[in-house]
Each structure stands twice: as structure tokens, then as C-alpha cells.
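Chains D and B, in that order, are what the protein sequence lines are.
Numbering follows the numbering used here, with no gaps: position 274 of the first sequence is 267.
Numbering follows the numbering used here, with no gaps: position 618 of the second sequence is 611.
Among the hints, a few may not be true.
Just so you know, same-sequence chains aren't split out, so a pair can sit in one copy or run between any two.
Restricting the straight-line Cα-Cα distance to at most 20 Å, the calculated cross-link-like pairs of lysine to aspartate or glutamate (EDC-like) are [what the hints assert, rightly or not]:
1) K357 / E583
2) K290 / D465
3) K31 / E600
4) K671 / E345
5) K357 / E582
6) K109 / E22
7) K579 / E360
For the record, the hints were derived by calculation from the structure and aren't laboratory data.
2 protein chains.
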Amino acid sequence: MDLVIYLVLAASILALGFAFYFYKSMLKEDEGTDLMKKIALHVRNGAMAYLKQQYKVVIIVFVILAVIFAVMAYFGLQNEWVWFAFLTGGFFSGLAGFFGMKTATYASARTANAAKNSLNDGLKVAFRSGAVMGLTVVGLALLDISLWFIILTQFTDYDLVVITTTMLTFGMGASTQALFARVGGGIYTKAADVGADLVGKTEYNIPEDDPRNPATIADNVGDNVGDVAGMGADLYESYAGSILATSALGAAAFAKSAIDGMQLKAIFAPMLIAAVGVLLSIIGIFMVKTKEDTNMKKLLAALSRGTNTSSILIAVATFFILWGLGIENWLGISFSVVVGLVAGVIIGKFTEYYTSQSYKPTQKVSESANTGPATVIISGLGLGMISTAVPVLTIGVAIILAYLCATGFDVNNFMSAENLSLGLYGIGIAAVGMLSTLGITLATDAYGPIADNAGGNAEMSGLGAEVRKRTDALDALGNTTAATGKGFAIGSAALTALALLASYVEEIKIALVRVAEHASNGLAQITDNIALTAEEIHAASLVDFMNYYEVNLMNPKVLIGVFIGAMMSFLFCGLTMNAVGRAAQKMVEEVRRQFREIKGILEGKAEPDYARCVGISTKGAQQEMLFPSLLAIIAPIAVGVIFGVAGVLGLLIGGLSTGFVLAVFMANSGGAWDNAKKYIEEGNFGGKGSDQHKATVVGDPFKDTAGPSLNILIKLMSMVSIVMAGLTVTFTLI
Amino acid sequence: MDLVIYLVLAASILALGFAFYFYKSMLKEDEGTDLMKKIALHVRNGAMAYLKQQYKVVIIVFVILAVIFAVMAYFGLQNEWVWFAFLTGGFFSGLAGFFGMKTATYASARTANAAKNSLNDGLKVAFRSGAVMGLTVVGLALLDISLWFIILTQFTDYDLVVITTTMLTFGMGASTQALFARVGGGIYTKAADVGADLVGKTEYNIPEDDPRNPATIADNVGDNVGDVAGMGADLYESYAGSILATSALGAAAFAKSAIDGMQLKAIFAPMLIAAVGVLLSIIGIFMVKTKEDTNMKKLLAALSRGTNTSSILIAVATFFILWGLGIENWLGISFSVVVGLVAGVIIGKFTEYYTSQSYKPTQKVSESANTGPATVIISGLGLGMISTAVPVLTIGVAIILAYLCATGFDVNNFMSAENLSLGLYGIGIAAVGMLSTLGITLATDAYGPIADNAGGNAEMSGLGAEVRKRTDALDALGNTTAATGKGFAIGSAALTALALLASYVEEIKIALVRVAEHASNGLAQITDNIALTAEEIHAASLVDFMNYYEVNLMNPKVLIGVFIGAMMSFLFCGLTMNAVGRAAQKMVEEVRRQFREIKGILEGKAEPDYARCVGISTKGAQQEMLFPSLLAIIAPIAVGVIFGVAGVLGLLIGGLSTGFVLAVFMANSGGAWDNAKKYIEEGNFGGKGSDQHKATVVGDPFKDTAGPSLNILIKLMSMVSIVMAGLTVTFTLI
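All chains, please: the whole structure from these sequences, using the hints.
Following this line, the structure appears as C-alpha cells:
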């Protein structure tokens, strides 16, 4: 049984191997004319320069946090592996973003060049490059997971519960890295995008990515650092987090199992599903191809064939995996996985419905442009708010079904200690199910920005309307498939966060034991407020802990926590929105200045000062990303110190529920405005440069900065709480 | 001691008496020229016609609900008084709105006419008319409360816990009425306002309230039905709800008190504070006057003198009241009241800070107009989101302090059964403290729309720029004082909702006993799932119920409830926003049509078809208000049926936390845009008709439709849960 972990390691190497293969084969493609190469180089250098700058800031934060964890370990408030595990999580998460971005910046000109031949060739280059990112993310995540598991089982005498919970702390590293990447990258890209659009498209009525627009290079760099590197780090975190949280829950749920080895099986189950998912993703990726005489519809069919095949296969395979593992109630737990998959599909479909110009809701937003910008905004906000209903209800049904399936529909003992552990495990593994085919779903998501950049390259290199039309078609197609991807990402975030809640309580248990053991270390006084013996702690169930810490809805500490959690989501979004607003304003002023002061710029006779615009985005992102990100780390610690375990759990629930709904709202409002914008750009309702057009630009920071960052915020707060549990149980004010 | 209730009755008669006196003295003022009278009559008739139309719809809903309650009473799921108490609550709430609006529509022309003399005269008429509304609301609420208390103690043998909880059900009537009034009125007024502004101000560049604008009458009618009648019903609900919830908590907290009569004292305490508040409000109202040679600063000082005096006096008086009543821990509970008052002031001040053009945040929103409408929207949204931090933290601190004060800072037994009941009582009475001087704070809030309408009348009757300037000054002043009023309203809503949560659990207890007693009525089978004996139920504390129903944060039912609650707030706002959007679009099209088709309309030679615009708003409001309002009633019932008590409590907490934060966000974003709009109208950043100007119009539905309705939504969901508790405990699916 112990050897299963080597299967996971093998899957990780397989993923990385294919990623490398696709990367190499992409590099073999022709990068096109000298001008194309030059532009690509500009973008590549800008993106790499930004990423280096960002990593410099992030490294400082990581070092400080690692030192804090080391100090905590010294005082027995954490174990001695955490600080290092934390660093590796951050490192791998950053690496996933870095590789993805490197690939994307090499792929854009090549995609544009391939699109000169045909739509199909363009798709092939872009999609395979997206697959590099998808496979790198899953490969690195499984590598980190399997190596750590091997190390901790070989070199420590921790029991499996402690091992799996310790591994969760590298999740915190990944989440921290992901938040910085999303927030920093998000501010960068949207400041550039909004700035470029507001002046270029709407004031001067020149096309997107026109080389005369000084913000064009910054805009293209932004797509890479925000949409590619940010997304890579983000999904690395989601993927690893869901597997780690579920393994930890499995270790806890089966800790007292009478059957030997059942605990290990429960730990391996999510890892193995993910490992098989890698294989099926690769199969799916190879299935994405069309004949030469292709059109949009056939392309979409090809992409769908790839993702659908992978999804259906993993659903079927899950039954065999869990049956083969011989896990208790394998049938029920398999259905939990299927529940997760189906929920992801439903949320994805509804996301598409609400944000695609092919359906009524977004069409109505475009229509409302007839009565001016205010009604565009009102109807977009209204759409986004209403669109939260289906995802929330879907997640609600998924939670209850995943729980019931895993517990054999034992409604009469719904909350018995055993059923609760099993049920939460079911919820966690549903999230793993959703993300199991990330290798291919991320590929369909990541190739969009590559196609977008290819379009930019084509425009700037003057490749002509036909090529641009093809890259635009690829980009539009990417939006459709990305909608489904977003459904999976957001749905899995909610389920994973729930699983992390339970892991938090498990960690509280471990922390209590650890603190009790270290009481001789001078902590005796502080630990006086823990009125439990080690035996009691070991025997206690999750519900016992709820009662002990009075984590019920009448406890004012819980209620205050919930309020603060709800507020945190809004505050965080407000800060990032304002950051984008400020940076975009500077960008707008700079672009206007250049148009005004650089003679001949509009006639294409003088070259704009691209570097200044890149500098504005870089500086804006660097300055603005720190405060909101640190807030996410500090808030759970502060609430823990003041209000204890009850307050922290309230905070996490409040942040999770409001954050989830707010994220869906912002993503869908933003998506609808973005597509309404495209529709107006096609000449409807006033066309480019009209007031209506200007108003729809508002969607960008919604969709690509604040919205996606919320997913990470929710989980990061949980991760921080888990890592800080030792502090929370030893010291609280009230 | 029993006689205290007659003091409350006396205070209610005092309030109504002074309301009548102010009303009569306002009527004695001269209504001005014939044209002024004619315009006022137009608006008055339009407003009354709308209100009648609205009441027709609402009556049907009320009759249906009353019948349902009667049926429930027959099956022992509710007691036999509920259906009637429910109706009276709705009736009085509607009456408060009706009287307020009647007064406002008589006062507008008189205010305009008085403003011809001086600013001071204008203030006097408008403010005294606002006071009619303030005193009517508190008078009717105390009348309803005292009469019902007398009836139930005289004619039934219910114990005090059952009596106070039964009285809460008339709160549901008030909440239902208030929601319809706010939503219907809010859609009406904003459809008219946005419609009038978008075409009149921004497309044709004619002044606000210009008689050439076909939507002008509808706009002025809207101010009355939305801002006046809606606000009246809303605050009636808040005021009565906070007193009733606190009395119910007091009855429960002191049910087992060893000292005779302590329970009754706890019930009377909030009523008595409110009664004394009436007296102090009247004193405050009389203190609002200035000398003839006045200016804005002196006017503001006069208003502040009135409200501050009342607030300080009630803070001092509370200590005497509670000491005089001889309630246990009177000192601590008095401090809870003071905590509420101070929290209200803090939230009010910060609301002003974030939304007034005198401070940086709103100035920055105006500034961002330099870079176009999208940045105006982004910065407004960012501001609103960030502005949620202070109110949430203030409420958090208020909750914990009110709780600790009431329990004598007994931190070691924070959640003991006794402390929990006492602490929740402290939270409830903090809300009563916030609202105790509603008589005057509502006057300062309600006179704003009257001044606004006076401005409309002045504009349409051509009274000249000087008069209009004065009414505008009064209106602007009203915005500043209204900000403080909003702080009190929203803060008290959060605290009251928390108190209602506890009342819900008390009602569960009562329902369990009632159902057990009626088991012979054919419910025996259903009640099998209640595994408690009557003795156990009586002996159980709030925490016992939490444990019995497993209302902890690991229960998936609770979590799903929280998710749905969070989503409900967004869905509700989305529905009302879209309703405004749709109605406003129709209005815009109609106004454009009239400008296009009616010859000579812009030159003032032909009269616009005002009635059609009134009709569009009326129809829009009628059609659109039903669904969101009914949703608020159905959601808690549905969640109760499916997920039981745990799910309902999750729903209420989710709705409360997200709803509160969302309400602050929308109110402040909306307020900031509104003031930015005024600033731009003064000729800054492009002035009237610019894109920037158009974009700021988006704030209206935020501020006046969706935002304020959320306060009621939160409480209505709690009230519905309380009334439906009998159903929830007898029948749940999972």
C-alpha cells in the first residue's frame, strides 16, 4: 500500500515530462518575421522583469513569515517542519506561474505566425502551449505532495494525522504566493488594460493593440503576468489545497478505523484520483485536434471533446480507483466525487449563460446601452447579483449530497462523530473530483491569453485583418471554455475551504496536544487556560470541540467573526479595485500626455514611450499589492488573538460565504460587461468610443482583479488560521 | 409595576398629540400662489393614487398570510392571536408611512413659500413637518406595543415569555409592510429619478425639476412615496422591532429570576427608555430654531443642537430609568444602552465622512471623473467596499461591549446560560438606545425630501433662483443629517437582527411546548421526531438548544444556510436593481419620445404628458415589487422545511452578515456618487451633460432602492422564521 505514493510521484513526472515535450515542440515552431520576434521579445522581457520585481517583494514576505514559524516551532506552537514546507509551497506555486508565463511569452508570436496558415494551426500552437501550463501546475503540485509525504513518513515519527496536517502548511505557502501573484498581476494587467482602452479605443478610436497606443506593450505584458502567471499560481494553490485538505480529513476520519491501513487508503484516495486525472488529461489533450477545413463550431467541438472525455473517464475511473484501493464505502465516496464533477459542470454552464453574448442576460446588458452608461452599469450589476443564485444553490446541493453519499445517507445520525468526519471527507473529495482533470481544463483556460497576445502581436506587426480575425476567434473561443474553467475553480474553492474548516479543527486538536507536551518549555502559565487532558483531547470528536469552544450561532464571538469575515471580502475587493483605479488613472494621464506631446504618434511616425507605461503598471502593482495581501494574513491572526477559536471559525465562515457570493457576482458582472463591450465594439449601440462603450470598460477589474483574488483570499485565511492554531489555543484575550 | 405600561401609552399619546399639533400649525402656513397650489395638488394626488394602488396589492398579500397563520393556529403550530397581531403591525406601519406622506405633500409648497421669506422660515416649516413623521412613527409604534401588551395580559393566561414573543409577530406585519413600501416606493422613485435625470439633465441639459421635463411630476411623486412613505414604514418597523425583540429577550432572560417582578421590569425597560425618548425628542425638536439672520452653518448647528441634546439626555436618563425600575445590574445595562448610542454616532459620522463632498473619499470619486465614466464607477465601488470596514468593526465592538456590560464583564463564564441570556438582552437594548430618540432623528431625516420637493415646486412655479437656492441649501443640509440617521438605522438593524436570532430560539422552545400540547390534534405522528419531554424543554438553555439542534459551524446544514443567506442579499439587490433598470429604461424612452414628438415642449409652449410618466413608474413599481418581497418570505420557510432549525439559523446569520455589509456598501457608494453628481452639476469635471455626469446617475438605485431595503430584508427573514417556528420544529426533510 505504501507504494501508492510512488504512483503519484510517477504521475507527476509524467505530467512534467509531457509539459516539457509540448514546450519543446512549441519552440520548434517558427516565430515569424523579425518585427514579430522583436515585439514578442519586448513583451517577454517586460513580463520577466515584472515577475522578478514581484518575486523580490514576495521573498521578503516569505522570509519574515518563515522566521515567525521557526520561532513558533521553538516555543512548541508549531512543528519544526512547517517553516520549510511553507517555503516549498510558495516556491512551487511561483514556479508554476513562471513556467506557464515563460511558455506563453514564447508562444504568442508563434501562434500568430501559425494563424497565418490556418485557424487550426493557430489553435494547435496556442492550445499545446496552454497544456504546458496545465501539466506543469498539476505536475509540480503532485511532485511537492508526494515528495513531502515520502520525507515525512521516512524521517519523522509523526502519526498520519500530523503528517497530513503539516503538509497543509505548504498549502499556505502556495496560497500566499498565489494571492500576491493574482493581486499584483491583476492590478498590473487591469491598470494597463483599462488605461489603454479608455484613451486608445474610446477617445482616439484606434484598434486594440495598436502600436500607436503607448500602453499596448504594458497591456500585453499584463495579460502574461496577470492572466497567465497569476492564474498558474492560483490554480496550483487550488489543486494542491484540495488534495491536501482531503488527505488530512481522510487521515482524521479513519484514524480510529478498525481495519488496518484504512487511514492510509483514505489519504491516498484523493492523490490517486488526481494522479489518474493527469493521465486522462493528457489523453484529452491529444484528442483536441480538427481537420484543416475547420470553423469555430468545429473548434469548440474539438475542445469540448477533450475536456468532456477526460471528465467522463475520470468519473468512471474513480469507481475503479476507490474500489481497487478497497476504501470503506467506496461506492458512496465515488458518488461524492461525481457530485463534485457535476456541480462544476453546472456552475460552468451557468457562468457561460450569464456572461456570453449568445444568451439573453448579456444581450440585455448590451441593450441597456441604448439608455446610456448608467443603465449599462445598473443592469450589469443586477445581472451579476442575480447570477449568484444558481452557483450557491448548486454548491449547497453538492455539499449535502457529497456529505450524504459519503455517509451512506445515514440521515438519522447526520451529525454523529463518525458521520461528520466521513461526510466532510466526502465534501473534500468532491472538490478533488472537480479539479482532477485540471491538466486539460487549465489548458483550455490558459490558451485564451496566449491567443489574446498572439492577436496583439499580429496587430502590432501588421499581419493583416485575416490573421487578427483568426486570433480573435481563438480568443473568443477561449472565453467560452474559460467560463467552464472558472466554474470549476470557484466551485472547488468553496468546497476546499469547507474542508479546510474541518482541518482547522483537527489542527486545533494537534496544537492542544503539542502545547501540552511543551508545557515544560516555559509555557506552563499560558497553557493554564487549556482545561483538557491529553486523553480527553485524543478522544474528542469534531462536535466535542465545537461544544468545548462554544462554536455555535448564539456565541457573540462567532457572530462578530462572521461579520468581520463578510467585511473582509468587501474590504479586500475595495482595496484592489481602488488600486486598479489609481493605477489606471495614472496610465490614462500618461497615455493622454504622450498622444498630446509626442508629435506624429497618431500618424505612426513617432514611436510611443512604451517603457514609461510598463513602469507605471509595475510600480502601481508593487505598491498596491502589499496592503490587501498582508491584511488577509493578519486578519485571522488578530481575530484569533482577540476572540479565540470561536471567532476564527466565524471569520472563516463569513469570509467563505460572502467571498464566494461576491466572487461569483464580480466575475459574472465583469464577464457580462466585457462581452457587452465586445458586442458594442462590433458596431452595435453606438460602437467604439461611445459613452456606452466607455461604461463597459468598468468590467475589467471586476473580472480579472478582485473577483479571482477572492477565491484565494478565502483559502489563505483558512490556511493562516491552521498554521496559527497553536497561538490561538494558547492565547486569547476574551 | 404593572402601571408602567400606561406610562408607555401616555408617551405614545403625547407623541401623536404633538404630531397633530405640528401638522395643524403647518397647515396654517400659506401655500403660496395658485400655480404652487396646483403643482402641489398634482404631486399629492399622484402620491396618494400610488399609495392606494400599492395598498391594494399589499392587502391581498396580508390577507393570504393571515389566513395561513390562522390555519397554523388551528393545527397548534402558532397561537390564535398571531394572525390578528400580524395585521395590526402591517396596518400601523402603513399608517405611519401614510401620515408622513400626507404631511409631506401638504408641506412642500408651504416650505417653498416660506423660503421666499428666509432660509429660517423654510427650515421651520420643513423641519416641523418632518417632526410630524418622526412623532407619528414613534407614537403609533408605542401605541401598538402598549395596547397589545395590555390586551394580552388582560385577556389571556399566557406567561410573559409567550406574550412578548407573540407581540413580535406584529413585528412581522410591520416588516412585511415596510419591505413592500421600500421596494415599491424605491423602484417608483428611482425609475422616475433616473429617467428624468438621464434625459432631462444629461441629454437636454435642462435643470432638475424643470416643468418641461415630462418625468418631473413622477420624480416629485417618487420622493414622497419612496423617501417619505417608504422611510416611515421602514423606521416604524425598526423602532418597534428593536423594542419588541428586547422585551422578548428580557422576558426570557429573567424568566427564572429569584426576585419577584424582575421579569416584568426587564420587559418594561426598553419600552420605558423609548417612552422617555419621546419626551426628549419633543424637547429636542423645540430646540431647533435660529435667529432670522441665519446661514448654513448656523442651521446645521441648530439641527445638531436638537439631536445632540436629545441623545445626551437619553444617555443620562437611561441610568435613572433603569435604576428607578430596580432592574438587576442596572448600571451595566445602562452602559449597554450608551454603547448603542455611541456606536450609532460613530457609524453616522463615518457615513458622512465617506459620502460627503466635504471629505476626501467623495472628492476622489469626483476627481476620477477626469479619466471618464469607468473610473468614476470603479472608484465609487471601491469607496463603498472600503467604507464597510468601520461600521462592521464598530458593530463588532458594540456587540461585545453591550454583551459584556450586561453580564458584568464575567469573561470566565462568557457563555453560561444566564450570561448568554443577559448578554443578548444587552445587545437588544443597545439597539433600543440607538433608536430611542427616533422622534427627532427621523425628523432631521424626513425633512430632506420635503425640502427637495419644495425645490421642485419652486422650480416649476418659477419662484426664481434665490428661493431655489434656499431649498437646495435645506436639501443639502438634510443630506448631512440624514447620513447620521442612516448610521443609526443600519446599526440598529444589525443589533436588532441579532436579538431576533435569540428570539427565534426562544420561539422554538415555545413552539415545541405548543406542538407537544396539541399532539392530540392529529399531529402525533409528525411530532414523533421531537424527542424531548416538556420538562426538558422548559429546563433547556439557549446553548442546550444549540447543541440539541447541532447549530455549530461544522454542521453542513448550517453552512448551506449561511451560503443561501449570503446569496439572498445579493439576489434581492440584483432583482430590485434590475427592476429599477427596466422601469428607468421605459421612462427614458417615454421622455425621449415626448421631447421628440410633442412640438414646442422644449420651448415651454406645450405641456408634457406628465400622467404617462407617473403611470410608467406606478406600473413598474407594482409589477416589480412582488417577486423580491415574496422571496424574502418564502426563503426562510423553504430552508426551514428542508434543513430545519440549524439551516434557518445559518440562513439568518448569512443574511444578516452579508446583508449588513452589502447595505453599507451600497448606501455609501450610492451616496458618494450622488454627491459627486451634485459636485459635477456645479460645473466641475465637465459639468451637466458630460459623460462623467451621466455615470454618476448610477448611484440612485444603490442608495435609495436596494441598500435601504436590505435592512428590512434581514429583519423580515428573522420575523418569518419566528412566526414559522412551529412548522420548522414539526417537519423537516433532512
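Going through the hints against the structure:
| no. | hint | in the structure |
| --- | --- | --- |
| 1 | K357 / E583 | between (34 Å within a copy, 19 Å between copies) |
| 2 | K290 / D465 | within (14 Å within a copy, 59 Å between copies) |
| 3 | K31 / E600 | within (14 Å within a copy, 66 Å between copies) |
| 4 | K671 / E345 | within (15 Å within a copy, 39 Å between copies) |
| 5 | K357 / E582 | between (33 Å within a copy, 15 Å between copies) |
| 6 | K109 / E22 | within (13 Å within a copy, 81 Å between copies) |
| 7 | K579 / E360 | between (31 Å within a copy, 12 Å between copies) |
Violated hints for the displayed structure: none, as all numbered hints are satisfied.
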